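Chains A and B supply the protein sequences, listed in that same order. Start counting at 1 in the first sequence, then tack on 120, and there's your number in our numbering. Start counting at 1 in the second sequence, then tack on 120, and there's your number in our numbering.
A hint or two may mislead.
A pair holds if it fits inside one copy or across any two, identical chains being indistinguishable in the list.
[Said to hold, decoys possible] Here are the simulated DSSO-like cross-link-like pairs (lysine-lysine), alpha carbons at most 27 Å apart as the crow flies:
#1 K286 <-> K443
#2 K229 <-> K301
#3 K286 <-> K373
#4 K301 <-> K230
#5 K356 <-> K301
#6 K384 <-> K373
#7 K159 <-> K286
#8 K356 <-> K229
#9 K393 <-> K356
#10 K440 <-> K246
None of these hints come from the bench; they were simulated from the model. In this text, all values refer to a predicted model and were calculated from it rather than measured experimentally.
Protein chains: 2
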Amino acid sequence: MIKIVIDMMGGDLGSAAAVEGVLAFLKDHRDVEVTAVGKIEELTLLQGKATLVDAREVLPMEAGVMDAIRAKGASMAIAIDQVLAQNADALVSSGSTGAYLGSTSIRLKKLPGVLRPALISPFPTKNLGQQVVILDIGASNENSASELVQFALMGKLYAQAVLEVKEPRVYLLSNGSEPEKGSPESKDAYQLLAGSFPGFMGNIEARDALNGTADVVVTDGFTGNVFLKSCEGVAKMMSGFIKGAFMRNIFSKIGYLLSKKGFKRMSEAMNYKNYGGAMFLGLSKVAVKAHGSSDGLAFMHALRVAYRLAQANVPALIEKGIKENAPLS
Amino acid sequence: MIKIVIDMMGGDLGSAAAVEGVLAFLKDHRDVEVTAVGKIEELTLLQGKATLVDAREVLPMEAGVMDAIRAKGASMAIAIDQVLAQNADALVSSGSTGAYLGSTSIRLKKLPGVLRPALISPFPTKNLGQQVVILDIGASNENSASELVQFALMGKLYAQAVLEVKEPRVYLLSNGSEPEKGSPESKDAYQLLAGSFPGFMGNIEARDALNGTADVVVTDGFTGNVFLKSCEGVAKMMSGFIKGAFMRNIFSKIGYLLSKKGFKRMSEAMNYKNYGGAMFLGLSKVAVKAHGSSDGLAFMHALRVAYRLAQANVPALIEKGIKENAPLS
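So that you can see chain A by itself, here it is in the shape it has in the complex (with noise of 0.2 Å):
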């Protein structure tokens, strides 16, 4: 039985996406106790379908490390105490990015022997179905050559867990595939993985690393959140264009309506809400930040990965595989 506890507010969108979210997943996943933690009034339709746990307060969107210290009636809190008390495996909150960070890594411990936790989300790529995972993409700010050679193990776990990737294709971010290429840590990190890392394959260039051709990206938290960003930027933009030209005048309005279906294909792949947000790896236990603005989709897929992640035991392959390659780091 795997126990899963749900802070059910702090999203942007409150606690019925939360609720929504809850019963969907629970359809097609018997085998799971959930703890919802939010005001009890507003989960009542979770009444004899998940343990509910009463909290008053609610972190804003903005809150920091040191609010989420504070605030020990706030829902996040509340959720971390139960996961604690019951030992339960996983912990799903939608709530502020920089409160949740601190908050679990404080509160749930590193594993041991993980130099710093880092912050996975899959990506899409160019082949409608097949994802990448990306990590660290804004934890931290800065990483060392040995805690990049740890992302490259855990996101390759987490590859096989979630994505189902048997052996996952791992490369670091750089400005150039060759291996002097890349800031002086992906460098460093590039000789410590060249040949002791089974499914290393070197420097990927950020223009290639949504095209299929990586499993697992992995890269310092800056640039990997420069990286996300971008893809964000652009994807927007680029959004933005495609319904400027549909709304141009009359035809081009007839012509969305003929060519509708396959653009729906698109924006599915290129929805965030069907990657079920951002996973935080090497807590003691699976620890999923669900986008800011989930609505119910994209929190049953938040609770999906929980699942899985919980199900391989993720976090006891991460302790197992750093201390097994502890030469490495």
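Use these hints to put chain B onto chain A, whose structure you have.
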């Protein structure tokens, strides 16, 4: 009279594309003396319109700095010889980026006071027709805070001369908009710029860099290169999706015919060929690096950018600006 020297070879499409570009450029630019360097028998269409200088060798695209230095008979080297011999204003080439950056920085010399030259490139924004320039996109791998401060100045002068923005809004690329966000170097640069650099607006996240808020975005070469290539990767992926959506069936193909005008405007906006390539700022001469696969149109735009930078005498403005702002760096 402005003197521009052009390396006619080295691009993927050979000298024919360069010849086409020069002819198109000369149609509406009379106050220019063009020197075209390449296999003289391939340049006959330019006879009487440009000074022709023979070069028998061409650097391959994968050529590095050392190859460029050794290959004294290559069109790129001879073009640089011509810039020096004529004391010309500008150099344009579509050859290997590594070779170009290396040989121009060694032979054309940095301006007095410039710590490091920077590669700058215009990007489209969501407002069709409006551009933003980003630097450094890959001349360096790491940059100090003082270098970033100089990039802010160079980017601003570029935006004034080429984009014709009177008071450019200059931002530092960061992982958050707050002053305390960013790489260690960019945080220091923030402190140096805030309050003392007219037009400095603070930090900008990668997701907002193309939304029209900024005219100039400053970052270190590694991060800028990742930004550039992330944008390329997502744009390529989405273009593939769009093509796929329209090619699905006969209805979607008709849909394309009805809406293609709007999509053509979008591809125009996204087409690097309309942007004149990247410029290498901080050298004693205007140095434009056209895209390796430049066609006639791309060459023409590269020549226009070189012309504007030379006409505004941007190298002199950079030298003056750096002298005046010396306490900054």
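Each hint, compared with the structure:
When the C-alpha separation of K286 and K443 is checked against a cutoff of 27 Å, the pair qualifies only within one copy, where the shortest distance is 21 Å, while the shortest distance between copies is 59 Å. In the homo-oligomer, the alpha carbons of K229 and K301 lie at most 27 Å apart only across protomers (25 Å), although the nearest pairing inside one protomer, at 34 Å, exceeds that limit. For a Cα distance limit of 27 Å, the shortest separation of K286 from K373 qualifies neither inside one copy, at 44 Å, nor across copies, at 38 Å. In the homo-oligomer, the alpha carbons of K301 and K230 lie at most 27 Å apart only across protomers (24 Å), although the nearest pairing inside one protomer, at 31 Å, exceeds that limit.
In this homomeric assembly, K356 and K301 come within 27 Å of each other (Cα to Cα) only across copies, at 23 Å, whereas the closest approach inside a single copy is 30 Å. Within a single copy, K384 and K373 get their C-alpha atoms as close as 15 Å, and across copies as close as 16 Å, so both meet the 27 Å cut-off. In this assembly of identical chains, K159 and K286 lie within 27 Å of each other by CA distance neither inside one copy nor across copies; the values are 42 Å within and 54 Å between. Taking CA atoms no more than 27 Å apart as the test, K356 paired with K229 passes in neither setting, with 36 Å inside one copy and 41 Å between copies.
Within a single copy, K393 and K356 get their C-alpha atoms as close as 15 Å, and across copies as close as 22 Å, so both meet the 27 Å cut-off. For a Cα distance limit of 27 Å, the shortest separation of K440 from K246 qualifies neither inside one copy, at 34 Å, nor across copies, at 47 Å.
In terms of the numbered hints stated before, the structure departs from hints 3, 7, 8, 10, listed from lowest to highest.
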